[in-house]
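In the order they appear, the protein sequences are chains A and B. Quick note on numbering: the working numbering labels position 155 of the first sequence as 155, and the sequence is numbered without any gaps. Numbers in the working numbering are just positions in the second sequence, counted from 1, shifted up by 289.
Quick caveat, the hints were computed from the structure, so don't treat them as lab data. Wrong hints could be hidden among the right ones.
[What the hints assert, rightly or not] The list that follows gives simulated cross-link-like pairs (lysine-lysine, PhoX-like), each with its CA atoms no further than 20 angstroms apart: (1) B:K546 to B:K601; (2) B:K606 to A:K89; (3) A:K88 to B:K538; (4) B:K478 to B:K434; (5) B:K538 to A:K89; (6) A:K89 to B:K525; (7) B:K398 to B:K587; (8) B:K434 to B:K398; (9) B:K478 to B:K438; (10) B:K606 to A:K102; (11) A:K89 to B:K529; (12) B:K529 to A:K88; (13) B:K337 to B:K398; (14) A:K100 to A:K88; (15) B:K546 to B:K606; (16) B:K398 to B:K525; (17) B:K587 to B:K434; (18) A:K239 to A:K43; (19) B:K366 to B:K573; (20) A:K113 to A:K271; (21) B:K398 to B:K573; (22) B:K525 to A:K88; (23) A:K89 to A:K100; (24) B:K398 to A:K98.
[Claimed, not checked] Derived contacts from chain B toward chain A, CB cut-off under 7 angstroms, selection only: (25) P454; (26) G455; (27) E459; (28) E460; (29) M472; (30) G476; (31) L495; (32) L544; (33) F547; (34) G548; (35) Y596; (36) K606; (37) G608.
[What the hints assert, rightly or not] Here are the computed distance ranges between Cβ atoms for each label pair: (38) A:E58 to B:K606: 47 to 55 angstroms; (39) A:N115 to B:R379: 53 to 61 angstroms; (40) B:L380 to A:A74: 36 to 44 angstroms.
Just so it is clear, the structure is predicted and the values come from calculations on it, not from any experiment. In this text, a Cβ means the ideal position worked out from N, Cα and C, and glycines have one as well.
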Amino acid sequence: MALFKKKEKKKGNRKVTVPENLWIKCDNCREIIYRREVERNLKVCPKCNYHFRITVDERISSLIDEGTFEEFDADLESVDILGFVDTKKYTDRLAEAKRKSKRNEAVVTGRGKINGMDVVIAVFDFAFLGGSMGCVVGEKVTRAIEEATRREVPLIIVSASGGARMQEGTLSLMQMAKTSAAMKRFHDAGLPYISILTDPTTGGVAASFAMQGDVIISEPGALIGFAGPRVIEQTIMQKLPEGFQRAEFLLEKGMVDMIVPRTEMKETVSKLLGYMYRGEKKRASGKNG
Amino acid sequence: MVGQYLEFERPIVELENRLEELRRRSEVEEGDFSKEIEKLEKKIETIKREVYGNLNRWQITQLARHPDRPYTLDYVKMIFSDFIEIHGDRLFRDDPSIVAGFGEIEGRKVVLVGQQKGRTTKDKLYRNFGMPHPEGYRKALRAMKLAEKFSLPVLTFVDTPGAYPGIGAEERGQAEAIARNIMEMAGLKTPIVVAIIGEGGSGGALALGVGDRILMMEYAIYSVISPEGCASILWKDAGKGETAAEIMKISARDLEKFGIVDVVVEEPEGGAHRNPEAAAENLKREILSALDELEGMKIEEIVNKRYEKYRKIGEFKGGGK
Ligand SMILES: [Zn+2]
Chain A
1 MALFKKKEKK KGNRKVTVPE NLWIKCDNCR EIIYRREVER NLKVCPKCNY HFRITVDERI
61 SSLIDEGTFE EFDADLESVD ILGFVDTKKY TDRLAEAKRK SKRNEAVVTG RGKINGMDVV
121 IAVFDFAFLG GSMGCVVGEK VTRAIEEATR REVPLIIVSA SGGARMQEGT LSLMQMAKTS
181 AAMKRFHDAG LPYISILTDP TTGGVAASFA MQGDVIISEP GALIGFAGPR VIEQTIMQKL
241 PEGFQRAEFL LEKGMVDMIV PRTEMKETVS KLLGYMYRGE KKRASGKNG
Chain B
290 MVGQYLEFER PIVELENRLE ELRRRSEVEE GDFSKEIEKL EKKIETIKRE VYGNLNRWQI
350 TQLARHPDRP YTLDYVKMIF SDFIEIHGDR LFRDDPSIVA GFGEIEGRKV VLVGQQKGRT
410 TKDKLYRNFG MPHPEGYRKA LRAMKLAEKF SLPVLTFVDT PGAYPGIGAE ERGQAEAIAR
470 NIMEMAGLKT PIVVAIIGEG GSGGALALGV GDRILMMEYA IYSVISPEGC ASILWKDAGK
530 GETAAEIMKI SARDLEKFGI VDVVVEEPEG GAHRNPEAAA ENLKREILSA LDELEGMKIE
590 EIVNKRYEKY RKIGEFKGGG K
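Bound-form chain B, shown alone (with noise of 0.2 angstroms):
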């Protein structure tokens, strides 16, 4: 059993409480407890395609959210073979909300920036909740730089509530950062997969954001507002996030709907924290699916394609469209 579970997994984890408790009697008690045993299993598989296989938005955005949840750098040890990061923007200071450096998949050597967000309190102040100030920004950017002048490709993890907003962000350019980072990414010359694994805060995630493949974690969410902050701005109440994530269609089924999303990758049941080694590797396999595609490729192409692929997306009336 997993160390913490949301509110709706509430009868799943009674279920499974009921099921250990029983297993501890049978070892240390007389009698045949293995009729109940298989019961007890098969009412909880019931119960658990019953609750994952109708995971409404708000639910999803509590799982990509999860405490749990894989960030980053675990996805990092548990799908390269080697990791050196790199530090700093070269004009204000190194971010720790997100990380870059060299790294190697499967023999594939690729620069890696993504955000990382922290477990501990003290982890979690460290990497200021994932939120990067512009700085962390620039310093994906010059990641990214290095990527194109040695020809390697970009891989991104997003994975932030959004950037943060505070005094120093917006002295410091938090507009222009991010700003930057979309329009050269939109023309960076090397192969650029993105990942979003947790949480797609708005521009604070598209500055990591723009690329040839997106793939999504299957209860990740991607929205241009958080559910929260959506509703506090319409409803004038942040409680009313659940109708917010409803109506924004923020999850990765959405979003592969809207063709912003190329590829949904599939998560083990009840979320990523329920089994990392198994939703890394279904990461792992789509991330090298799509830079095998990629590899094949000129660079114009793949530009130019990365080009179409944003300039098609929208829907409007009018204007022979």
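Just chain A, with the same shape it has in the complex (with noise of 0.2 angstroms):
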């Protein structure tokens, strides 16, 4: 114990003299990079434009006006329906993730304004049980469509997940289509919905609301796909081009409307929105008159 203690002592005391706080390594081109440069570029590489995975704070005060965030159903929380151990319990699975994240669930829904704009917006939370989609988060997005819907303002859902969350089984697969169809009556009513996918965005989630979306936006670098790439390499039994499912490749292939960078996203959507979406009282009296 005593050995132990002294340990972290003199790891801690090497933290000082080598200020790991101040100075990052960045995970893509290994430059050491100064720490507060990089949050100030809302956590991109200055030197090679990698995108560094974000926090759901972050990535709301990266879109939404300061102070107009009004949070959705945080309340809700996942049970355990099948019982499901596997080398872990799910029970101790989510308990260690609320526990980490500070929330209850893997996306975070609300409301707020994108350059006094009202939207309905959904952040993933990639930490969060690597956003998998089960029963909460199903219900979560179904009802950020719903109340966009009957606000009649544009929807902004940013992706980060692993797909439909095996702990739950089937009623996981049925998340897709409950939010589907919560989005198709949403694109009824005439509302604008931007998709925008972030790092990485496979699985259920993939094949479901963040394919659904009137334009759809990747940031660099992102894997996008609805087959994760080990299990693509395991069936053609061959190793998979360089950049295959990147952002740029679905671009390439027509999957997305473009890639923008992170600093520069929430002036694309609020640009966009503007040739989208005209209020809705406006639309009210086009409808009208």
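Work from the hints to combine the two standalone chains into their complex.
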């Protein structure tokens, strides 16, 4: 115990001499970069434009006007429907994810303003069980879509997910149908939905609302696809080409509309909505007149 | 006796072989075999009831994938009086892992869409093991839009290990194709009856699986990921499929309890492949009854009820539910 403590202290000292807090190493270009600079740049590497994963709060503040965000349904919590135990209990996995994220689930939904325009937004947290969609994620996304439909405001979903959550079985799969049914009504109401894909967006989330946007935007370098690369490699028994399923590949294949760096995302979304949305009252008078 | 049997059926098969042998001997040899035959028949009945009456989810999975199990076009032959197949998505190519067309059941005209597996090696490759590419799903949607346009109900047969995970499939937007089908089916202005006849493999199954009445054959499975896939992720061991099948609760009876499946269609003892005509008869009866129910309803009511059906699927706590 004492030895352990000593070691820890030593490590702590080392931290002071080598200021890890001030400098970080880019996962992509391996350059040592000034942390403050990265943070000011919305966690995009100033040297190579690599987009680090960011937290839900960071994402919301990068898109939504300061002080305007109001969260929906933060109290919804997952239940262990199947009594699921693998190497760990599902309930333990949930508890751990909740403790680490200080939130109840893998998606945060709410309303706020983008340059003064009312929107409903959903943001995925990949750190929470891989952003997987179980009943609560499906329910929160569905409620957010319904709320946007009711308020007649644009919808933004920032996806980051490995897909449907295995631990809730076929009920997870059905969340793809539930969210898509709500999305159908939203589209039928003539409202704009901008889907923002971030690293990674695959499986059941990619194969439902993430690919149902009027305009689909991706962050640079994001992995996007139905099947994960490992599953594909196992199936076809060959190595995948470099850059396969990355945002740039999807743009080339016509599956996303544009790749937008994080630092320009808010302005791009705002500009697009300016074309696609004329406000709830104008829409109504347009319909009547 | 069927051509291919499963490991858990071995005790039955052994007794059945003995019975056959006994019957043959009784024809050519002197002596009375009737008592022995009767005894053996009773024993077979008992052991069948034991085995087939207590199938676990892994055994059901094996039945759902049985090489002799009736596939979409087998049911079409047995159930439909007429079927005209249509081909192609008008964008890339025709995908033979999905069949679509106009058909007639007992005088009722429908549009049928279903995944199709192959029986022989050559046919399996041609049908890509029932694993569709995006163009298959786009053909399916094209057929469903025809149904909407001409006010015909849609009938889908789901039988796929999953959407194909390959390079071309990804390049051509597998996720987009599935996402579009699910969304369009949710709002399609014509009745949709879905029958899960074999394997309901994840999003690739759901892309033909949104509807007003969900029928499921008794020994079909429907899951978010294959048991082997689940096992290889959670235990890093695809061999633990049996455990995964149990824990994911993927049988028709399980899904009926969760409100995902409306009607469980009974299969003959030992599975549909042991008596395909009987299985087809049961399926046909349930299809007709579902079509009858929906026929009397206004289309707005049908679409609204479809919305409510999916809207309420899910279990959680908090949020006033
Ligand atoms: Zn870098």
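Tested hints:
1. B:K546 to B:K601: With a Cα-Cα distance of about 14 angstroms, the restraint between K546 (chain B) and K601 (chain B) holds, given a limit of 20 angstroms.
2. B:K606 to A:K89: Roughly 18 angstroms separates the two Cα atoms, so the pair holds.
3. A:K88 to B:K538: Holds. K88 (chain A) to K538 (chain B) sits at ~18 angstroms (cutoff 20 angstroms).
4. B:K478 to B:K434: Holds. K478 (chain B) to K434 (chain B) sits at ~9 angstroms (cutoff 20 angstroms).
5. B:K538 to A:K89: 16 angstroms, holds
6. A:K89 to B:K525: 16 angstroms, holds
7. B:K398 to B:K587: Holds - the C-alpha atoms of K587 (chain B) and K398 (chain B) are around 18 angstroms apart, at most 20 angstroms.
8. B:K434 to B:K398: Holds, at about 15 angstroms.
9. B:K478 to B:K438: 9 angstroms, holds
10. B:K606 to A:K102: With a Cα-Cα distance of about 17 angstroms, the restraint between K606 (chain B) and K102 (chain A) holds, given a limit of 20 angstroms.
11. A:K89 to B:K529: 17 angstroms, holds
12. B:K529 to A:K88: 15 angstroms, holds
13. B:K337 to B:K398: 39 angstroms, violated
14. A:K100 to A:K88: 17 angstroms, holds
15. B:K546 to B:K606: 19 angstroms, holds
16. B:K398 to B:K525: At roughly 48 angstroms apart (the allowed maximum being 20 angstroms), K525 (chain B) and K398 (chain B) break the hint.
17. B:K587 to B:K434: The given pair, whose Cα atoms are some 18 angstroms apart, holds under the 20 angstroms limit.
18. A:K239 to A:K43: With Cα atoms ~31 angstroms apart, K239 (chain A) and K43 (chain A) exceed 20 angstroms; violated.
19. B:K366 to B:K573: It holds: about 12 angstroms lies between the C-alpha atoms, which stays within 20 angstroms.
20. A:K113 to A:K271: Holds, at roughly 13 angstroms.
21. B:K398 to B:K573: 14 angstroms, holds
22. B:K525 to A:K88: Given that 20 angstroms is the threshold and the Cα spacing comes to 13 angstroms, the pair holds.
23. A:K89 to A:K100: 17 angstroms, holds
24. B:K398 to A:K98: Roughly 52 angstroms separates the two Cα atoms, so the pair is violated.
25. P454: Holds - the Cβ of P454 (chain B) comes within 7 angstroms of chain A, reaching about 3 angstroms at its closest.
26. G455: Holds, about 6 angstroms.
27. E459: 5 angstroms, holds
28. E460: With a minimum Cβ separation of about 5 angstroms from chain A (threshold 7 angstroms), the hint on E460 (chain B) holds.
29. M472: 4 angstroms, holds
30. G476: 4 angstroms, holds
31. L495: With a closest approach of 6 angstroms, the L495 (chain B) hint holds.
32. L544: Holds, about 6 angstroms.
33. F547: At 6 angstroms from the nearest chain A Cβ, F547 (chain B) passes the 7 angstroms test, so the hint holds.
34. G548: 9 angstroms, violated
35. Y596: 5 angstroms, holds
36. K606: Holds, because the Cβ-Cβ distance from K606 (chain B) to chain A comes to roughly 5 angstroms (cut-off 7 angstroms).
37. G608: 4 angstroms, holds
38. A:E58 to B:K606: 47 to 55 angstroms: 28 angstroms, violated
39. A:N115 to B:R379: 53 to 61 angstroms: Violated - the Cβ-Cβ distance for N115 (chain A) and R379 (chain B), about 41 angstroms, lies outside 53 to 61 angstroms.
40. B:L380 to A:A74: 36 to 44 angstroms: 43 angstroms, holds
Violated hints for the displayed structure, listed by number in ascending order: 13, 16, 18, 24, 34, 38 and 39.
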